[in-house]
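S.K.: Got chain A sorted already, so can you dock chain B onto it with the hints?
Chains A and B supply the protein sequences, listed in that same order. So for the first sequence, numbering that gives the first Met the number 0 puts the first residue at 0; every next one is plus one. So for the second sequence, numbering that gives the first Met the number 0 puts the first residue at 0; every next one is plus one.
Careful, some of the hints might be misleading.
To be clear about the criterion: a stretch of chain B counts as covered by chain A if any three or more of its residues have a C-beta under 8 Å from a C-beta of chain A, and this derived list gives those stretches [unchecked claim]: (1) 71 to 85; (2) 111 to 125.
Far from chain A, some chain B residues (derived; all Cβ distances over 10 Å) [said to hold, decoys possible]: (3) Thr3; (4) Thr8; (5) Thr41; (6) Gly42; (7) Gly53; (8) Leu56; (9) Glu97; (10) Pro107; (11) Arg154; (12) His158; (13) Asp173; (14) Arg178; (15) Asp182; (16) Asp185; (17) Arg212; (18) Val222.
What the hints contain is simulated information worked out from the structure, not anything from laboratory work. All residues carry an ideal CB built from backbone N, CA and C; glycine is no exception.
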Amino acid sequence: MRAGPLFQWSGRDLGRHRIKAALVFLALSTLTAMVATVLLLNQAVALTFGRLLDHSPAIIVRQVGGGGWLPLPAEDALSAARAVPGVVQPRIRIWGVVNHGDQAVTIVGLGQQPRGLLPDGFQSPGRGEALIGPGVTTATGEARILLTGQQAVDLFVRGQLPPSAGMAVHDLVLLHVDDARTLLGLRPDQASDLAVEVFHPEEAESLANVLKQAFPWPVQVTTRSAVRKAYAAHFSARGGAGLLSFMPALLALVLLIVALGAWGLQLEPDMGLMKAMGWTSGDLLRLHLTRAALMGFPAFVAGLMGAWILCVFAPGNWVTRFLFEWSGPPLELSSQGLVVPLALTTVVVFFPYLAANFWSGWRTVQADPMALIQGRAR
Amino acid sequence: MMLTCRNLTLAWHQTTSGAGPLLDAVNGSFDYGRATLVTGPTGSGKSTLLHLMGGLLQPTSGEVVDGDDPISRWTTDHRDRWRRKVGICFQGLHLMPELSVRDTLLQPMIPRNMGWQAMFDLANGAASRLDLAGLEEVPVQHLSGGQQQRVAIARAMVHAPEILLLDEPTAFQDDDHARRLMDLFDRSADDGVCVVISSHDPRLRQGGRYPARYQLSGGCLAVSA
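Pulled out of the complex, with its shape left as it was, chain A reads as follows (with noise of 0.2 Å):
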């Protein structure tokens, strides 16, 4: 049979049933955006993540005692951390987290040399001064900021970082160390944690250990590895929660199964008939099939750009929020990170739909014409 007639006819068919195709467009391209979204988001979040920990140090030190974290001793941490072989520019880090009205920001202290976190471009901001991440919002028309903290600070906004200086400085602000300090109720003596880089990446947790004999006070000293290990399971297991969280996924699949299966009976009298005029058991299966991916090929990719868009353009990540409990920055999509999610997409969703239709046009063909005309095929 010539593959031209094939397709009009298929297609003549699928307009004879214009409104059950309808419904089984619907059906497939919600369930495909439903089971995508999830997918896409996954990968999201974890490339969106993964970029942030590429900016973090290799090991962090903290002082843990009986109520949590305390503030480190700086002189004495770096001393320690220095008589470890393998480690490499330990240093202090003055950071948390402070109010900002409703908001919480992550304050970060700058000394006279500021490691990566500035643009080319900007100066290190001075006592008093802020430089804020394109995430922090300020009022209308007003260069100032006020952070509460242990204290209240009342900083002049220098300028706000841009989108491209990077995802770690979204929701942050940097400012001079000793007001950080104020805000943090750090005293000058004293730093936030411990960071040190490894000469040999592939040393870190050995060294993570040694690390952690090194210094006569408790210490909870934790890796990026570690972290990445841990954040991969949290998202994860979010993302599976979030998959259950789509039942209605679930009802759609039976609706499109229950659909093709009316669809299924009421077309075997048509096919009977067909039969009848000369067509072959194989031709009715190319239709049958053809006329499947007619309408199931366009629903799947209509399914597949609904997942985009709700990844990319919901406005203000409520997709991710609700998924991942996500509220970083907003989240990377690269193209090599969409092969796995289309991939998984395709054999959970596209590949049962083709399989259920072969295996009820299959079912269907095998009869004898009369008994597919009379309705008594099954």
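M.R.: For chain B alone, kept in the frame of chain A given last:
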């Protein structure tokens, strides 16, 4: 060459009251190049016999043989391919009401590996021969009963079948159209087609037009004068 029924039995209408099979060891031969008339009372199994001869049903026992080919014993796939040489017009017509006349006539030709233009030419020719010219774009459901029956006959004949099975083909036709249809069936037989007409229309029995006749009654097929 002939289409032959050998001890053809179909029992799916058998009832618990003990009634016999619908067709009981039917034997009959239907020559290519000849039109054969099968008559019989309503419910005697004429339509079922045509369905068995067209490979649309499988008999309970016995066989349908085309030349030397026992087609009723073949698998579904083989019978599918053989059925391409058959054209059948059902008593109940079985048209798809929303299809136009032309689309209805294209339907049997789609799987026959033909180009659109060739299919259009054949469809238009068949419509013209069956007095349906000018109605090609009209949905079948808008036609009269007689016109719908001629569409069903045109659909059976459009691909020039070697076996033409016609079930009550003149039931809805006036005398003029009935006569023209009979002429058309005769021409097909003259062209070498095995034409089998099932009917109890008295117009077909008159005038000795069909010397080859069978009478189907009580599940048995007998040569009729």
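S.K.: Against which earlier hints does the structure fall short, listed by number upward?
M.R.: Failing hints, ascending: 7, 8, 9, 10, 11 and 12.
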